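**Student:** Sequence:
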Amino acid sequence: MVEYRKYRCLVCDFVYDEELGWEEDGIAPGTRWEDVPEDWYCPDCGVGKEDFELMTDEFKKSL
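Letter by letter, the sequence shown follows residues 1 to 63 in the UniProt record's numbering.
Restricting the straight-line Cα-Cα distance to at most 20 Å, the calculated cross-link-like pairs of lysine to aspartate or glutamate (DMTMM-like) are:
id, residue 1, residue 2
1, K6, E53
2, K49, E34
3, K6, E24
4, K6, D39
5, K49, D17
6, K6, D44
7, K6, D51
8, K6, D35
9, K6, E38
10, K49, E19
11, K6, E23
12, K49, E18
13, K6, E19
14, K49, E38
15, K6, E34
16, K6, D25
17, K6, E18
18, K49, D39
19, K49, E24
20, K6, E50
21, K49, E23
22, K6, D57
23, K49, D35
24, K49, D25
25, K49, D13
26, K6, D17
Restraint-style ranges between C-beta atoms, simulated for each label pair:
id, residue 1, residue 2, range
27, G46, M1, 30 to 40 Å
28, D39, M1, 24 to 34 Å
29, L54, M1, 17 to 27 Å
30, M1, E34, 16 to 26 Å
31, C12, D39, 12 to 22 Å
32, D57, L10, 11 to 21 Å
33, D39, L10, 10 to 20 Å
Since the hints were made in silico from the structure, they are not lab data. Given the structure is predicted, the values throughout are model-derived calculations rather than measurements. Note that beta-carbon positions come from the ideal geometry of N, C-alpha and C, so glycine has one too.
Could you put together the complete structure from these sequences and hints?
**Tutor:** Next up, the structure:
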């Protein structure tokens, strides 16, 4: 079973889920974070990939 990760925007809390991708920007489901183009930006607030962090299990439990 493939384990997908989620990355959270530090500015607006948008979540990029590797399992779902982001088809609105042509990023197919199953696309790993490292394979998302470097010039991709948060669809909600416009910041770059450098402003995202990996969501840990601890963080997910706090939601």
